[in-house]
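Those protein sequences? They're chains A and B, same order as listed. The letter at position 132 of the first sequence is residue 185 when you use the numbering used here, and the numbering goes up by one with no holes. The letter at position 264 of the second sequence is residue 273 when you use the numbering used here, and the numbering goes up by one with no holes.
Rather than coming from a laboratory, the hints here were simulated on the basis of the structure. Keep in mind that a hint or two might mislead.
Derived contacts from chain B toward chain A, CB cut-off under 8 Å, selection only [unchecked claim]: (1) Pro16; (2) Leu18; (3) Leu29; (4) Ala39; (5) Lys43; (6) Leu47; (7) Tyr93; (8) Asn127; (9) Val267; (10) Tyr275.
Built from N, CA and C at the ideal position, the CB exists for glycine as well.
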Amino acid sequence: MSGGQQIAPDWRPNERSLARRLMIVGGGGFAALFLGLPVAVIFTLALDSGLGTYIAKVTEPATLHAIYLTVLTSFVVVPINIGFGICAAWAITKHDFFGRRLLGTLIDLPLSFSPVVAGVAYLFLYGAQGLLGPFLMAHDIQIMFTVPAIFLVSLFVTSPFVARALIPAMQSEGNTDEEAATSLGATGLQTFLRVSLPNIKWALLYGAVLCNARVMGEFGAVSVVSGKVRGQTNTLPLQVELMFNDFNTAGAFAAASTLTLLALVTLAIKTFAESRQARER
Amino acid sequence: MGRRAVPGLGFTLGTTLVYLTLIAFLPIAALLLKAADLGWAEFLTIATSRRAVATYRVTILCALYATLFNAVFGLLLAWILARYDFWGRRILDALVDLPFALPTAVAGVALVTLFVPNGWLGQWLEPMGIKVAFALPGIVIAMAFTSLPFVVRSVQPVLMELSRDVEDAGMLLGARDSQIFRRIILPELVPALLSGCALAFGRSLGEFGAVIFIAGNIPLKTEIVSLLTIIRIEEFEYSSAAALAVVMLAAAFIIFFVTNSLQIWYGRRAGAQ
Numbered sequence: 054m055s056g057g058q059q060i061a062p063d064w065r066p067n068e069r070s071l072a073r074r075l076m077i078v079g080g081g082g083f084a085a086l087f088l089g090l091p092v093a094v095i096f097t098l099a100l101d102s103g104l105g106t107y108i109a110k111v112t113e114p115a116t117l118h119a120i121y122l123t124v125l126t127s128f129v130v131v132p133i134n135i136g137f138g139i140c141a142a143w144a145i146t147k148h149d150f151f152g153r154r155l156l157g158t159l160i161d162l163p164l165s166f167s168p169v170v171a172g173v174a175y176l177f178l179y180g181a182q183g184l185l186g187p188f189l190m191a192h193d194i195q196i197m198f199t200v201p202a203i204f205l206v207s208l209f210v211t212s213p214f215v216a217r218a219l220i221p222a223m224q225s226e227g228n229t230d231e232e233a234a235t236s237l238g239a240t241g242l243q244t245f246l247r248v249s250l251p252n253i254k255w256a257l258l259y260g261a262v263l264c265n266a267r268v269m270g271e272f273g274a275v276s277v278v279s280g281k282v283r284g285q286t287n288t289l290p291l292q293v294e295l296m297f298n299d300f301n302t303a304g305a306f307a308a309a310s311t312l313t314l315l316a317l318v319t320l321a322i323k324t325f326a327e328s329r330q331a332r333e334r
Numbered sequence: 010m011g012r013r014a015v016p017g018l019g020f021t022l023g024t025t026l027v028y029l030t031l032i033a034f035l036p037i038a039a040l041l042l043k044a045a046d047l048g049w050a051e052f053l054t055i056a057t058s059r060r061a062v063a064t065y066r067v068t069i070l071c072a073l074y075a076t077l078f079n080a081v082f083g084l085l086l087a088w089i090l091a092r093y094d095f096w097g098r099r100i101l102d103a104l105v106d107l108p109f110a111l112p113t114a115v116a117g118v119a120l121v122t123l124f125v126p127n128g129w130l131g132q133w134l135e136p137m138g139i140k141v142a143f144a145l146p147g148i149v150i151a152m153a154f155t156s157l158p159f160v161v162r163s164v165q166p167v168l169m170e171l172s173r174d175v176e177d178a179g180m181l182l183g184a185r186d187s188q189i190f191r192r193i194i195l196p197e198l199v200p201a202l203l204s205g206c207a208l209a210f211g212r213s214l215g216e217f218g219a220v221i222f223i224a225g226n227i228p229l230k231t232e233i234v235s236l237l238t239i240i241r242i243e244e245f246e247y248s249s250a251a252a253l254a255v256v257m258l259a260a261a262f263i264i265f266f267v268t269n270s271l272q273i274w275y276g277r278r279a280g281a282q
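Construct the entire structure; sequences and hints are all you get.
Structure representation (structure tokens):
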């Protein structure tokens, strides 16, 4: 290992060439500005008129309701997509069947659609002019522009996250432990909970955390199906848009700062969990 | 067969397929059916209307610029993160994923605030005659911000795993650094770089939340496809919305196919080593 590094060209870690410094200072500095300035401007403007105003803005009834709805959506959507992610990863990594690779590809499909397309597709399924519209109307069921519509479209948009985190982790673990457990008489569920889960718990954690961040931050898809009823179907990102367009800058940035904080915590947990998962391999 | 020994295939595969059908395939089918109602002639009339074509032009052009920017800047970032150790490297590495964790609407609000004429950056750019907010450059910046992680995260693992022996051999044989980069490293990176670019381009085409705040949304000039789709829905022009959504869906499918082909190619190359 060290023998190779002695004849290192200038991009090797031990060298201190000008090109290396330029790339680190230029590239790293620009990245820090590009990624850091938006975060800085949000917190600065949120706290611009003092902590008192900030707290008052965050606890405004409409904003509080938006926070409540966003958290509620996460409580409904994230567990369901954890279940789906575990099932999909289990089927794809622990078994061999016809179409296995195709299924692995199809799971990712929701990530390649514009969230607006997802919202419009749901509108044409459950809306009055949609596929199930006449049936739902006949039974007096309203889905579009209600809270369940927000749940449904969030399920669609965030369905791949847990599976994507679990599949590489489960693949690298192999099948031998599970096969041993099964041959000793463990059921499928016991095998998963006692044998597989301890090996993939960190991957599961960062998949769930990323899924949660996307659920709480989803904008395009929710904006089509929610109807944006103030104090009823406005999630936190929609509330940010509403206040920003109303020139309520302090309110918009106060609400945005809570979502930014969520993003930073998400990054911290993801980084930690990823390194733990890598170490346990 | 050892593989059959692990239980639970029936239940997990069944759940996966039923869930995917209900949550993903059914809504997409409903959208396609709605668009099919239109008939070919009407679909074409809507999809090629002047305002629609203008939105394609704006969206594709800005997405191309954003992707080009990310190809260069993302490669540079992946390079310094994978190869150099410097103060703040781990924080920068974590920060690269910020655009994925930050809600797009929040990114949009923050970016427009930075670039308006009296904003932190706008106050310097405006006197120089550079208009970013409510113009095409603003759309490019919003798209570049939200799709930045794709190229970095595609290229970075390949750079980490690249065998240094080949570079050492090149150097011992007298190749200059630029030759080593162009002839040895770059060819290995091309598939991952292209697949990262395709993902970034696809994301940029569909980006909505970050763009609409900074775009100004002037019809024919700075209006993107996804916004026009939403405007049509708000006007109860459901057929138009369906047609535009299907155009976006088709673009997404093409990009999905391209990225997966690239990843299979890249996987084969990696496997062949």
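Consistency of the hints with the structure:
1. At about 4 Å, the closest approach between the beta carbon of Pro16/B and any beta carbon in chain A falls short of 8 Å, and the interface hint on this residue holds.
2. With a least beta-carbon distance of about 4 Å to chain A, the hint placing Leu18/B at the interface is held under the 8 Å criterion.
3. At its closest, the beta carbon of Leu29/B sits 7 Å from a beta carbon of chain A; the interface hint therefore holds under the 8 Å criterion.
4. For Ala39/B, the suggested interface contact is upheld, since its CB lies about 4 Å from the closest CB of chain A, less than 8 Å.
5. Annotation: interface hint on Lys43/B holds; nearest CB of chain A at approximately 4 Å, less than 8 Å.
6. For Leu47/B, the interface hint is violated, the least distance from its beta-carbon to any beta-carbon of chain A being 12 Å, above 8 Å.
7. The criterion of a C-beta within 8 Å of any C-beta in chain A is met by Tyr93/B, whose closest approach is roughly 6 Å, and the hint holds.
8. For Asn127/B, the shortest C-beta to C-beta distance to chain A is roughly 12 Å, which exceeds 8 Å, and the interface hint is violated.
9. Interface hint status for Val267/B: violated, as the beta-carbon distance to the closest one in chain A is roughly 10 Å, over 8 Å.
10. The closest approach between the C-beta of Tyr275/B and any C-beta of chain A is roughly 14 Å, which is over the 8 Å cut-off, so the hint fails.
In terms of the numbered hints stated before, the structure departs from hints 6, 8, 9, 10, listed from lowest to highest.
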